[in-house]
Amino acid sequence: MRTLVKYGAFARIGVKLAVTERGELYGRMLFFVIILGVFSALWRAVAEAGLPVAVEPATLVWYLAATEWIVLSPAPAHVEIESEIRRGDVACQLVRPFSYVAATTAQGLGRLAVRAPVLAMVASGGAFAVTGRLPSGDAVVLVVPFGIAAMLAIHGLYVVTGLTAFWLGDSSPLFWIWQKLLFILGGLMLPLSIYPGWMQRLAAYTPFPYLLARPAGFVMASDAGGAWDLAWHLAAWTLTIALIAHAVFARAVKSLHLNGG
Amino acid sequence: MVLNNVVFFTFWWVLLARVPDIRGWQLRDMQLLFGITATSYGLVVAFAGGVRELGRFIDEGALDTLLTQPKPTLLYAAGLHSRASGFGDVASGACFIIASGYVGWANAPVVGLAVAAGAVTFLGAGILFFSLPFWLSRSETVSRQAWELILTFALYPEPLFGGAMRLLLFTLLPAGIVSYLPVDMVRHPSVAGVLMTLAAAAMYLALAVWTFKRGLTRYASGSRFVVFG
Chain A
30 MRTLVKYGAF ARIGVKLAVT ERGELYGRML FFVIILGVFS ALWRAVAEAG LPVAVEPATL
90 VWYLAATEWI VLSPAPAHVE IESEIRRGDV ACQLVRPFSY VAATTAQGLG RLAVRAPVLA
150 MVASGGAFAV TGRLPSGDAV VLVVPFGIAA MLAIHGLYVV TGLTAFWLGD SSPLFWIWQK
210 LLFILGGLML PLSIYPGWMQ RLAAYTPFPY LLARPAGFVM ASDAGGAWDL AWHLAAWTLT
270 IALIAHAVFA RAVKSLHLNG G
Chain B
-4 MVLNNVVFFT FWWVLLARVP DIRGWQLRDM QLLFGITATS YGLVVAFAGG VRELGRFIDE
56 GALDTLLTQP KPTLLYAAGL HSRASGFGDV ASGACFIIAS GYVGWANAPV VGLAVAAGAV
116 TFLGAGILFF SLPFWLSRSE TVSRQAWELI LTFALYPEPL FGGAMRLLLF TLLPAGIVSY
176 LPVDMVRHPS VAGVLMTLAA AAMYLALAVW TFKRGLTRYA SGSRFVVFG
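Taken in sequence, the protein lines are chains A and B. For any residue, its number in the working numbering is found by taking its place in the first sequence, counting from 1, and adding 29. Residue 101 in the working numbering sits at position 106 of the second sequence, with consecutive numbering throughout.
Read the hints as simulated data drawn from the structure, not as lab findings. Heads up, some of the hints might be wrong.
[What the hints assert, rightly or not] Here are the computed distance ranges between Cβ atoms for each label pair: (1) A197(B) <-> D167(A): 41 to 49 Å; (2) I42(A) <-> A197(B): 15 to 23 Å; (3) S185(B) <-> R116(A): 54 to 62 Å; (4) E143(B) <-> L163(A): 53 to 61 Å; (5) R51(A) <-> W205(B): 31 to 39 Å; (6) A197(B) <-> G37(A): 31 to 39 Å; (7) E143(B) <-> V82(A): 26 to 34 Å; (8) L285(A) <-> D16(B): 24 to 32 Å.
[As the list claims (entries may be wrong)] Negatives, chain A to chain B, calculated, CB over 12 Å: (9) V48; (10) R73; (11) A78; (12) Y129; (13) G154; (14) F157; (15) W205; (16) G216; (17) L219; (18) A260; (19) W261.
[Said to hold, decoys possible] Partial pick of chain B residues on the chain A-facing surface, computed with a CB cut under 7 Å: (20) V9; (21) R13; (22) V14; (23) E48.
Note that the structure is a prediction, hence the values are computed from the model and not measured. Glycine included, every Cβ here is placed at the ideal spot set by N, Cα and C.
Can you make the complete structure from the sequences, with help from the hints?
Take a look at the structure:
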């Protein structure tokens, strides 16, 4: 119970931070609406030549709304972690009675509690405005919980990336690499079924399709059987990312102690 | 930036492999569009990267030091910063242009002029948007987002946009002058096309310089001690 109260306080800090960081959120909202408008025009143009998948252009816009919602909702926590490591502030956190990784995660959850609903409204409002269509209720019921679960895993990736600053100093290059892999192998803009076979096979060995294409894919086909498979894969990858975060942090703390930091 | 450009282009590579023609645009046209846009943008951030900082200089009253210099203030401010990522953009942009197959010895000068027109317009739009803090304080974020919007629109084929959107892209958010006109200049070369593109770019830059000079008359010193360099 005390643990819950403790990390609940960090989550509340996250909520307050998200509220004060409105400028960045407004920027993401604007970008979101524009990109939905651009892709709506693009899919209409592609439809004239024949869509490469057996869905309507409006469905592809809703797919993009779902993937972008998942990508844009988690705040880039690695920037803050890296800055704390660089300034040496992280050393002060080590003597306090909480886990740094768990506290960072709780703060990320608090931020998500503000950002995800706001961006969900922008996503659904924007997609409806440009398509005049709504996805089925079954699809929404599946996309929302799996999308939120995927956001947690993405937040975990941000935490791991930030922690590498203990050794790398600048974690941005690592962030760029996995972010680009997420965009390509996760199917941010295109459903993976459009990709060449070798890219689909390669993507299946990574966590990325389970974070974007599979949750957003429910917009195209609500399949409860696929939901169980996705739940299993998402849970496995989230656990893996959490274990990596703890292992990286433990290793970092050990090296700090060795150096007398 | 090389990675960024290559990753984003993967989308077009995958899509155009399945749908080879979108309203007359094929993979090589997209390569040319990416090439000209990336090279133009790269040239600006590599050689006039300070333009992105103009808004901050104005907001914080940090132009004082530049105003006392014998060199033109705008030129000095723009040249103050150079971003290494710009060179990556120029390199990847050049690769895209070559891969498009549109460039040969005969039309290389036209391609060069197309890139120059794009860069001049990017620079002009940067000066114009980042001069906004002369009239509206704390508007740097808006300026930055508006400038980045040009890049967002410049990387999609022109036939996607019509009506009011098209008007916007050739005026307030000059993605049309940054990429659509220069690309058209290379795809369908004509003297009129070249002259129109260069004139549009030059006019945009002239408007931006005039706006900056007007803004300077409103500038209030920050009385700050700032060291550049």
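So, going through the hints one by one against the coordinates:
1. A197(B) <-> D167(A): 41 to 49 Å: Since the Cβ atoms of A197(B) and D167(A) sit about 56 Å apart, the hinted range of 41 to 49 Å is violated.
2. I42(A) <-> A197(B): 15 to 23 Å: With a Cβ separation near 52 Å, I42(A) and A197(B) fall outside 15 to 23 Å, so the hint is violated.
3. S185(B) <-> R116(A): 54 to 62 Å: holds (58 Å)
4. E143(B) <-> L163(A): 53 to 61 Å: Taking Cβ atoms as reference, E143(B) and L163(A) lie about 31 Å apart, which means the hint is violated.
5. R51(A) <-> W205(B): 31 to 39 Å: holds (34 Å)
6. A197(B) <-> G37(A): 31 to 39 Å: Between A197(B) and G37(A), where Cβ atoms are some 60 Å apart, the hint is violated.
7. E143(B) <-> V82(A): 26 to 34 Å: holds (30 Å)
8. L285(A) <-> D16(B): 24 to 32 Å: Violated, at about 58 Å.
9. V48: Given that every Cβ of chain B is farther than 12 Å from that of V48(A), nearest at about 17 Å, it holds.
10. R73: violated (8 Å)
11. A78: Label violated. Min Cβ-Cβ 5 Å, cutoff 12 Å.
12. Y129: The claim stands: Y129(A) keeps its Cβ more than 12 Å from every Cβ of chain B (closest is about 30 Å).
13. G154: holds (19 Å)
14. F157: holds (19 Å)
15. W205: violated (6 Å)
16. G216: Non-interface label fails for G216(A): nearest chain B Cβ at 10 Å, not farther than 12 Å.
17. L219: Not fine: 6 Å to the nearest Cβ puts L219(A) too close to chain B.
18. A260: Since the minimum Cβ distance to chain B is about 28 Å, A260(A) lies beyond 12 Å and the statement holds.
19. W261: Fine: 28 Å to the nearest Cβ keeps W261(A) off the interface.
20. V9: Interface hint status for V9(B): holds (6 Å vs cutoff 7 Å).
21. R13: holds (4 Å)
22. V14: holds (5 Å)
23. E48: Violated: closest Cβ of chain A sits about 18 Å from E48(B), beyond 7 Å.
Checked against the numbered hints given earlier, the structure breaks hints 1, 2, 4, 6, 8, 10, 11, 15, 16, 17, 23 and satisfies all the rest.
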